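**Q** Sequence:
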Amino acid sequence: MEIEQLEKVASQVRRDIVRMVHGCQSGHPGGSLGCTELLVALYFERMKLKENDGKVVFDMDGKDEDLFFLSNGHISPVWYSVLARRGYFPVSELATFRKLDSRLQGHPTTHEHLEGIRIASGSLGQGLSVALGAATAKKLNNDKGIVYVLMGDGEQQEGQVWEAATFAPHHQVDNLIAFIDLNGQQIDGPTVKVMNNRDLGAKYEAFGWEVISIEEGNDMAAVTKGLYEAKGRLGHGRPIMVLLHTGMGYGVDFMMGSHKWHGVAPNDEQLAAALAQLDETLGDY
1 MEIEQLEKVA SQVRRDIVRM VHGCQSGHPG GSLGCTELLV ALYFERMKLK ENDGKVVFDM
61 DGKDEDLFFL SNGHISPVWY SVLARRGYFP VSELATFRKL DSRLQGHPTT HEHLEGIRIA
121 SGSLGQGLSV ALGAATAKKL NNDKGIVYVL MGDGEQQEGQ VWEAATFAPH HQVDNLIAFI
181 DLNGQQIDGP TVKVMNNRDL GAKYEAFGWE VISIEEGNDM AAVTKGLYEA KGRLGHGRPI
241 MVLLHTGMGY GVDFMMGSHK WHGVAPNDEQ LAAALAQLDE TLGDY
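Quick note: the sequence shown uses the UniProt record's numbering, first residue 1, plus one each step.
Please note that a few of the clues may not be correct.
Distance windows between CB atoms, simulated [claimed, not checked]:
| # | residue 1 | residue 2 | range |
| --- | --- | --- | --- |
| 1 | 276 | 216 | 19 to 29 Å |
| 2 | 101 | 282 | 24 to 34 Å |
| 3 | 4 | 170 | 14 to 24 Å |
| 4 | 280 | 61 | 15 to 25 Å |
In silico DSSO-like cross-links for lysine-lysine, where the CA-CA straight-line distance does not exceed 27 Å [unchecked claim]:
| # | residue 1 | residue 2 |
| --- | --- | --- |
| 5 | 50 | 63 |
| 6 | 63 | 8 |
| 7 | 260 | 50 |
| 8 | 193 | 63 |
| 9 | 225 | 203 |
| 10 | 260 | 144 |
| 11 | 203 | 139 |
| 12 | 231 | 260 |
| 13 | 50 | 8 |
| 14 | 231 | 50 |
| 15 | 139 | 193 |
| 16 | 8 | 193 |
| 17 | 50 | 193 |
| 18 | 55 | 193 |
Hints are computed from structural coordinates only; laboratory data are not their basis. These numbers come from a predicted model, not from an experiment. All residues carry an ideal CB built from backbone N, CA and C; glycine is no exception.
Let's have the full structure, built from the sequences with the hints guiding it.
**A** Right, here's the structure in full:
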C-alpha cells in the first residue's frame with residue numbers, strides 16, 4: 001500500500017482504539033495509539049500472511065508465513081483493530097472489547113479462538129522468549145517466514161527479557177525482528193524515574209544483537225523504511241532489535257506524552273475531542 005493509504009488505515013485504527021476503550025471504560029489507550037503506525041505497516045505492508053482469494057486465512061501453526069507476537073499485551077486495542085481491519089474477524093466485533101463473553105479480552109488470550117492470536121500475553125517479559133521459540137522452530141523446519149515481536153520499554157525491566165536476549169545471538173536466531181516501543185512512559189511514570197533502562201541500544205549490541213533505530217516511530221514513511229532496513233539485515237547470524245521511538249497517546253493532543261493515559265479511559269467529552277482530531281476513513285464499527 002502507498003504511504004497515504006497506510007496513514008488512512010492508521011487514522012481509523014486510532015478512532016477504533018479510543019472508541020473501544022471508551023465503550024467499556026477500561027483499557028490502555030496510550031501505548032496503543034503510540035504503536036499504531038508499526039502495526040498498520042506490519043499487517044498491511046510488510047508481513048507475509050496466508051491468504052486465499054484475497055482473504056486472510058488463519059491457523060495456529062503459521063507455517064510459511066510471518067508471525068507477530070505482542071508481548072506488551074495490555075495494548076491489545078491497537079492489535080484487535082488492526083486484525084479486524086485486515087480481515088481476520090468482523091470489524092463489528094470490536095464493539096465487544098472487554099465485555100462479558102467477548103473474545104476480545106483486555107489482554108489477548110487463545111482459548112476464545114480469536115483469529116490472529118497465538119499466545120496469551122500481557123504478563124510482561126515473556127513475549128521475546130515465545131518469539132524465539134517460534135523463530136527457532138521455523139529455522140528447524142526450513143520455514144522462510146520471519147518472526148516479529150513487540151515489547152514495551154518499561155518491560156525491559158523484567159529479568160526474563162535478558163535471558164532471552166542472551167539466548168538469541170548465541171543460537172544465531174537470525175530470522176527474528178524485535179521492537180521496543182520507546183515512549184519513555186509506564187504506568188507509574190517516566191521510565192527514567194521508575195527504573196532507568198539507560199542505553200538499551202548499547203546493551204543489546206553488547207549481547208550480540210544487530211540494533212537499528214527508527215527515530216520517528218509515528219511517521220509512516222519512516223516506519224516502513226525502517227522495516228525494510230530491518231528485513232535486509234536478517235540471515236547473517238544475529239537477531240535484529242529495532243528501537244522504535246514513539247509518543248504515548250500519539251494522535252490525540254491531550255493524551256500525548258503523559259503516563260496518565262497508560263491505562264485510563266476517556267469520558268464522553270474527551271472521546272468527542274479525540275474523535276474530532278482523527279479522520280474517519282474506513283467507517284466506524
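**Q** Against each hint, give a clear statement of whether it holds in the structure.
**A** To see whether the hints hold, each was checked on the structure:
{"no.": "1", "hint": "276 <-> 216: 19 to 29 Å", "in the structure": "24 Å, holds"}
{"no.": "2", "hint": "101 <-> 282: 24 to 34 Å", "in the structure": "26 Å, holds"}
{"no.": "3", "hint": "4 <-> 170: 14 to 24 Å", "in the structure": "43 Å, violated"}
{"no.": "4", "hint": "280 <-> 61: 15 to 25 Å", "in the structure": "36 Å, violated"}
{"no.": "5", "hint": "50 <-> 63", "in the structure": "9 Å, holds"}
{"no.": "6", "hint": "63 <-> 8", "in the structure": "30 Å, violated"}
{"no.": "7", "hint": "260 <-> 50", "in the structure": "38 Å, violated"}
{"no.": "8", "hint": "193 <-> 63", "in the structure": "42 Å, violated"}
{"no.": "9", "hint": "225 <-> 203", "in the structure": "24 Å, holds"}
{"no.": "10", "hint": "260 <-> 144", "in the structure": "41 Å, violated"}
{"no.": "11", "hint": "203 <-> 139", "in the structure": "26 Å, holds"}
{"no.": "12", "hint": "231 <-> 260", "in the structure": "35 Å, violated"}
{"no.": "13", "hint": "50 <-> 8", "in the structure": "24 Å, holds"}
{"no.": "14", "hint": "231 <-> 50", "in the structure": "19 Å, holds"}
{"no.": "15", "hint": "139 <-> 193", "in the structure": "40 Å, violated"}
{"no.": "16", "hint": "8 <-> 193", "in the structure": "36 Å, violated"}
{"no.": "17", "hint": "50 <-> 193", "in the structure": "43 Å, violated"}
{"no.": "18", "hint": "55 <-> 193", "in the structure": "46 Å, violated"}
Of the numbered hints given earlier, the model fails hints 3, 4, 6, 7, 8, 10, 12, 15, 16, 17 and 18; all others are met.
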